[in-house]
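Engineer: Chain by chain, the residues run as shown.
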Amino acid sequence: MQNWRTNAHRLILPGAALALAGYGIFFASPYDTRILTIAGVYALLVLGYQFIFGHAGALSLAQGTFFGLGAFVTGILATRFGLEFHATFPLSILIPAALAALVATAVLRLESHYLALATLALSQSVLLLAINWESVTGGANGLPGIPGVSILGWNLPRGTPLLVFVWIWVAIGAVLAHRIVAGAYGLAFRTVRLAPMAAAAAIGIDASALRLAAFVLSAAYAGAAGALYAHTLTVISPEVLGFGIMIVCLTMTVIGGRWSIPGAICAALLLTHLPEWFRGLQEYYLAANGVVLLLAVIFAPAGFLVFLQRRPDSAPRPPGVSNAAIPQMLPPKTELTVAALSKSFGGLRALDGANLTLAPGTITGLIGPNGSGKTTLVNLLTGLEQPDGGNARLGTIQLTGQPSFRIARAGIARTFQTPDLPAGVTVRDTVAAAIEPAHIGLWQDMLATNPTASLRQRRTRADTILQDFGLAGLDDQLCDALPHGRRRMLEVARAAAGNPAFLILDEPTAGFTQAETTSFGEKLQQLAASGCGILLIDHDPDFVAGISSTLVCLDGGTVIASGAPADVLQQPAVRRAYFGAFHESAA
Amino acid sequence: MTPLLEVTGLRVSYAQATALHGIDLQLAGNDALAILGTNGAGKSSLLKAIAGLVPSNAETLSFNGTPLINLPAHARAQRGIGYVPEGRRLFPGLTVRENLEAAIRRPHRERARTIEQTYDVFPQLAARDKEPAWRLSGGQQQMVAVGRALALQPKLLLMDEPTLGLAPVVIGELLEALQTIRRTTPVAMLLVEQNVGFASALCSDGLILRRGLVAARGPVDELTQGQVD
Amino acid sequence: MLLAQLSLNALALGSSYALIALGFVLVLNATGAVNFAQGDAVMAGGFIAIAAASFFPEAFNTYGIVMLPIVLVGTGLLGLALSAVAYLPLRRHPPVTVFVSTIAVGIILTNSFNALFGAAPRATPPLLGGGQTVLGNLSLSQQSLAVIATAAALIAGLGFLLHATQLGRRLRATAQDPEIARALGINVTRMICLSFILGTALAGTAGLLLANQFFLTPNDGGVLMLKAYIAVAIGGWGSLRGAAAGAMFIAFFEVFVATWLSHPVAEAGLYLALFAVLLLRPQGLYGEAVQRRA
Numbered sequence: 001m002q003n004w005r006t007n008a009h010r011l012i013l014p015g016a017a018l019a020l021a022g023y024g025i026f027f028a029s030p031y032d033t034r035i036l037t038i039a040g041v042y043a044l045l046v047l048g049y050q051f052i053f054g055h056a057g058a059l060s061l062a063q064g065t066f067f068g069l070g071a072f073v074t075g076i077l078a079t080r081f082g083l084e085f086h087a088t089f090p091l092s093i094l095i096p097a098a099l100a101a102l103v104a105t106a107v108l109r110l111e112s113h114y115l116a117l118a119t120l121a122l123s124q125s126v127l128l129l130a131i132n133w134e135s136v137t138g139g140a141n142g143l144p145g146i147p148g149v150s151i152l153g154w155n156l157p158r159g160t161p162l163l164v165f166v167w168i169w170v171a172i173g174a175v176l177a178h179r180i181v182a183g184a185y186g187l188a189f190r191t192v193r194l195a196p197m198a199a200a201a202a203i204g205i206d207a208s209a210l211r212l213a214a215f216v217l218s219a220a221y222a223g224a225a226g227a228l229y230a231h232t233l234t235v236i237s238p239e240v241l242g243f244g245i246m247i248v249c250l251t252m253t254v255i256g257g258r259w260s261i262p263g264a265i266c267a268a269l270l271l272t273h274l275p276e277w278f279r280g281l282q283e284y285y286l287a288a289n290g291v292v293l294l295l296a297v298i299f300a301p302a303g304f305l306v307f308l309q310r311r312p313d314s315a316p317r318p319p320g321v322s323n324a325a326i327p328q329m330l331p332p333k334t335e336l337t338v339a340a341l342s343k344s345f346g347g348l349r350a351l352d353g354a355n356l357t358l359a360p361g362t363i364t365g366l367i368g369p370n371g372s373g374k375t376t377l378v379n380l381l382t383g384l385e386q387p388d389g390g391n392a393r394l395g396t397i398q399l400t401g402q403p404s405f406r407i408a409r410a411g412i413a414r415t416f417q418t419p420d421l422p423a424g425v426t427v428r429d430t431v432a433a434a435i436e437p438a439h440i441g442l443w444q445d446m447l448a449t450n451p452t453a454s455l456r457q458r459r460t461r462a463d464t465i466l467q468d469f470g471l472a473g474l475d476d477q478l479c480d481a482l483p484h485g486r487r488r489m490l491e492v493a494r495a496a497a498g499n500p501a502f503l504i505l506d507e508p509t510a511g512f513t514q515a516e517t518t519s520f521g522e523k524l525q526q527l528a529a530s531g532c533g534i535l536l537i538d539h540d541p542d543f544v545a546g547i548s549s550t551l552v553c554l555d556g557g558t559v560i561a562s563g564a565p566a567d568v569l570q571q572p573a574v575r576r577a578y579f580g581a582f583h584e585s586a587a
Numbered sequence: 001m002t003p004l005l006e007v008t009g010l011r012v013s014y015a016q017a018t019a020l021h022g023i024d025l026q027l028a029g030n031d032a033l034a035i036l037g038t039n040g041a042g043k044s045s046l047l048k049a050i051a052g053l054v055p056s057n058a059e060t061l062s063f064n065g066t067p068l069i070n071l072p073a074h075a076r077a078q079r080g081i082g083y084v085p086e087g088r089r090l091f092p093g094l095t096v097r098e099n100l101e102a103a104i105r106r107p108h109r110e111r112a113r114t115i116e117q118t119y120d121v122f123p124q125l126a127a128r129d130k131e132p133a134w135r136l137s138g139g140q141q142q143m144v145a146v147g148r149a150l151a152l153q154p155k156l157l158l159m160d161e162p163t164l165g166l167a168p169v170v171i172g173e174l175l176e177a178l179q180t181i182r183r184t185t186p187v188a189m190l191l192v193e194q195n196v197g198f199a200s201a202l203c204s205d206g207l208i209l210r211r212g213l214v215a216a217r218g219p220v221d222e223l224t225q226g227q228v229d
Numbered sequence: 001m002l003l004a005q006l007s008l009n010a011l012a013l014g015s016s017y018a019l020i021a022l023g024f025v026l027v028l029n030a031t032g033a034v035n036f037a038q039g040d041a042v043m044a045g046g047f048i049a050i051a052a053a054s055f056f057p058e059a060f061n062t063y064g065i066v067m068l069p070i071v072l073v074g075t076g077l078l079g080l081a082l083s084a085v086a087y088l089p090l091r092r093h094p095p096v097t098v099f100v101s102t103i104a105v106g107i108i109l110t111n112s113f114n115a116l117f118g119a120a121p122r123a124t125p126p127l128l129g130g131g132q133t134v135l136g137n138l139s140l141s142q143q144s145l146a147v148i149a150t151a152a153a154l155i156a157g158l159g160f161l162l163h164a165t166q167l168g169r170r171l172r173a174t175a176q177d178p179e180i181a182r183a184l185g186i187n188v189t190r191m192i193c194l195s196f197i198l199g200t201a202l203a204g205t206a207g208l209l210l211a212n213q214f215f216l217t218p219n220d221g222g223v224l225m226l227k228a229y230i231a232v233a234i235g236g237w238g239s240l241r242g243a244a245a246g247a248m249f250i251a252f253f254e255v256f257v258a259t260w261l262s263h264p265v266a267e268a269g270l271y272l273a274l275f276a277v278l279l280l281r282p283q284g285l286y287g288e289a290v291q292r293r294a
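Chains as they are written, first to last, in our numbering: chain D, 1 to 587; chain Y, 1 to 229; chain W, 1 to 294.
The hints are simulated quantities; they were obtained by calculation from the structure and are not laboratory data.
Don't take each hint at face value.
Stated by the list, open to error - For each label pair, taking beta carbons as the anchor points, the in silico distance ranges come out as:
1) W:Glu58 with D:Leu129: 40 to 48 Å
2) Y:Gly22 with D:Asn450: 50 to 58 Å
3) Y:Glu176 with D:Gln526: 48 to 56 Å
4) W:Ala164 with Y:Thr184: 25 to 33 Å
5) D:Tyr285 with W:Gly130: 56 to 64 Å
6) W:Gly159 with Y:Glu131: 53 to 61 Å
7) W:Gly269 with D:Asn450: 30 to 38 Å
8) W:Gln5 with D:Tyr285: 49 to 57 Å
9) D:Gly353 with Y:Glu131: 43 to 51 Å
10) W:Val265 with D:Ala19: 50 to 58 Å
11) D:Met446 with W:Ala152: 34 to 42 Å
12) Y:Pro107 with W:Val265: 38 to 46 Å
13) Y:Pro107 with W:Phe256: 36 to 44 Å
14) W:Pro69 with D:Val291: 24 to 32 Å
To be verified - Residues of chain W placed beyond 12 Å of chain Y at every Cβ, according to the derived structure:
15) Phe55
16) Pro95
17) Ala120
18) Ala175
19) Glu179
20) Met248
21) Trp260
22) Ala273
Computed from a prediction, not measured in an experiment: that's the story for all the values here.
Even for Gly, the Cβ is constructed at its ideal location relative to N, Cα and C.
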């Protein structure tokens, strides 16, 4: 089944592309040529929008604005200054990209609809400017007489040559987009989108850098598309900055699939031709767009053209899986020191001057009643929350005040009470994303001779790590298909993949059977023996005391006891805190 | 006589974990049963499954003779299952009175009487009638949470760790109020509690959950001799 | 003199904006989702009134107030439909999905109005009459006074519903903690549908009120939705009182800046205000009316 699909997919797409190209070049009427050219423009626009809406998962409503901006830059420079394509085109790309970078700090840290509305306000502002700055933009009348493409004095004829020219740019855009997302960089995007907390605090991926790159890339693509649009239409008005283009772009992206390159191109071809095929609908064309969008959101959230999309991780098993040549980097032998760490929420002091020292290569158990501050401590240590006072250091490195991903890169990895795993990503890739995150980058993949090569290397190393954690053979399964115990183990494997100095586990055995708990404990002891310090939070005192060399008890946000497990469990203060005041009096 | 609550083979699975692996339990009207066990044993999931707040499946899940399994949470509440959630979870912007009123399903005039009855059990609340709920102390919030569930006039009261985060004195007051309710109101109770002293004072019988299964059932005092710790 | 006139205009505009923003917050609180079609619900109210006017005998169709019940019912039904197609099927999805689905409904509405009524600006009849009431040396627009009175009556009615009735308590309880509301026997789905009905009907009324003075085109929905959002952001995310205050602020800002400078400057100023709020209070957008306590 899988094979049939892959093969069909390999034959159908190039075949259809070839047929379409032949038709477009040799048989299309001038009118059809124009429609096909515009389809190419939209394809480029949608390919760009996939970076921010698909890969970064942020609903930006400014894509139409970047498009219009690109169109106006070309229009203004060509009509008023007589500049040619080789000058206008790069500027049409650069100016929207620069605007995106400029507003990114304000806009990108917002979530979901805040981001959508902030970008909508941006587009309204730009539209307002275009309508009212008549001396430059031509106001509501627009800019007529935009010349065709001319490069160094050579004029590209309209019609078929322009069609081919536009689609060459689509091809360039598609290849670039593929290089950017096919390798480790794309995997980093998936990880951030599907498991945002873990991406930062367990792996050390810089999510804001990824979002910024996606936003700027989407603006650059939109600018390029806008420039080509201006050349195709020869006249532009502020309408290119209006919400209509954004709607069409959003619909195409939702229908084509937010992550599929062929899907983007097919959706662009399909939706530019729909109004031609359904002429009866003309007045209602955009309304029909809305209906299609609504249906897609409800019934096919991954896109109607999803069958065109290769399963993101169905890449063949990397050849030559060997255990050799994997440098066993030993984590630095340093202590993790927590000094007077405090945190309040409203009036509640969740952590009240906690002091703690973790020795390298040992397991420290942390127990305490609910609300004693255990999870708050972990969140402060891993930068998910900022303390009100006190600090944490790894050796001489100050951790407090650093963003989560830097703390993770410094060597503190963690797991979560509810495993934060990227649903829909394979087990192998979940771990592969955690290997040397600092070496994953846009330029590395875009300029690499083969962007998937480094990903393949990571996968090979991931297989070894999975074997080590008893997860061999599950490599191709999706994370969300694993049973609970395996998911927990995978989370630990992922955290260990970065060779952390310390591993913080927040209630890792919740929901385990007794047998699972035991084998999990053995694995932790192995890990500690290999040099990784572990802070283990758990509610099962027998389990924690059994495998820890030091036991710490928190109550009311402070450490009330610390030392050898057996001693700590016998202390009256611990018994009172952990087993309840009534138990003490009743017992 | 059929029990008020009959559960056999109750399972709860979340996306990532199975919380309950098949629980059997019976509860007669007016009975009070304590559910003990460490965190992650599935105690809260058990209450939520009975209240209909998490999807579950079971061979039998019947209340007062009616099968519950396909009923949504609000319909179960209307049939007489009151729920006191972990962490109180009052409607913070509603006043104390509004919190109680929102749960009452009776005509306007009788509403006032039900509230009077609640204030008889928890006299402290009467003085704070018009205050927004978030301004109350933890103990008073817990009293509103219990009173709110009782305002439904339930036949079964589910309570999830009502003593959590309360000072010993306040726990004592709460215990007294609940004992009064046990004496004066025909209501069965299912109490999830880590404070075994509190549990044994309110319930004679209990059961211990361990990793999603019933590990033991019997009188609370006997159960807690060596099992919980 | 001028000041009094402008203030009256701003008050009338602000009370219409307040209806839109209040409806927006009702849905936001009940579902946690932003209803992008809120601006188009305003248009729907206006166009329902315009369409209804053609069915009335001439003696009545010069009075907008006659259309009010029709607009309330029509846009209320629209709200019900909106919840059924754009929210309920997606309630287990992340909120941003609902954002896209309400965008889709907005697109359908905008373009259907375009096809049905054309893109030219249309106006509704004044509520009672288009005359002026002379008060001393002040000449006040009767339409503005009627708009303010209608909006005030609706807002008072909403306040009564929310704070003095069992239904209102349950709506608020649902908004504050839907899971616990369910556990207490409240039919949360019904409350959510009701929030959509109320929210959309309030917006629809605003359409009837606005469309006399300002004229409507089918494409104005997006801008109105954006203004409602800014009002809500300024007033504290989720607070009804804050939303109404924010709406008034926007209207006064718009009217006065537009008079002294120009309309585009006023509008641009609003967007800048939104950016400022987002930049300076990125977390503070959430309402502060309710605080947590240990």
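Engineer: Within 50 to 58 Å: is that where the Cβ-Cβ distance between Val265 (chain W) and Ala19 (chain D) falls?
Structural biologist: holds (54 Å)
Engineer: Beyond 12 Å from chain Y, beta-carbon-wise, is Phe55 (chain W)?
Structural biologist: Given a closest Cβ separation of 40 Å, the condition holds.
Engineer: Beyond 12 Å from every Cβ of chain Y: is that where the Cβ of Pro95 (chain W) lies?
Structural biologist: holds (19 Å)
Engineer: Compute the least Cβ-Cβ separation between Glu179 (chain W) and chain Y, then decide whether it is above 12 Å.
Structural biologist: For Glu179 (chain W), whose nearest Cβ neighbour in chain Y is about 6 Å away, the distance does not exceed 12 Å, so it is violated.
Engineer: Mind verifying the non-interface call on Ala120 (chain W)? Its CB should be farther than 12 Å from each CB in chain Y.
Structural biologist: holds (45 Å)
Engineer: Okay, Gln5 (chain W) versus Tyr285 (chain D) on CB: inside 49 to 57 Å?
Structural biologist: violated (44 Å)
Engineer: Taking 43 to 51 Å as the stated bounds, is the beta-carbon spacing between Gly353 (chain D) and Glu131 (chain Y) within them?
Structural biologist: Given range 43 to 51 Å: violated, Cβ gap about 33 Å.
Engineer: Does the hinted range 34 to 42 Å hold for Met446 (chain D) and Ala152 (chain W) at CB?
Structural biologist: Given range 34 to 42 Å: violated, Cβ gap about 60 Å.
Engineer: Taking the closest pair, is the beta carbon of Ala175 (chain W) still more than 12 Å from chain Y?
Structural biologist: violated (8 Å)
Engineer: Mind checking the hinted window 25 to 33 Å against the Cβ distance between Ala164 (chain W) and Thr184 (chain Y)?
Structural biologist: holds (32 Å)
Engineer: Regarding Gly269 (chain W) and Asn450 (chain D), is the given constraint of 30 to 38 Å on their beta-carbon distance met?
Structural biologist: violated (52 Å)
Engineer: Could you check the hint for me, namely that Pro107 (chain Y) and Phe256 (chain W) are 36 to 44 Å apart, CB to CB?
Structural biologist: violated (51 Å)
Checked against the numbered hints given earlier, the structure breaks hints 5, 6, 7, 8, 9, 11, 12, 13, 18, 19 and satisfies all the rest.
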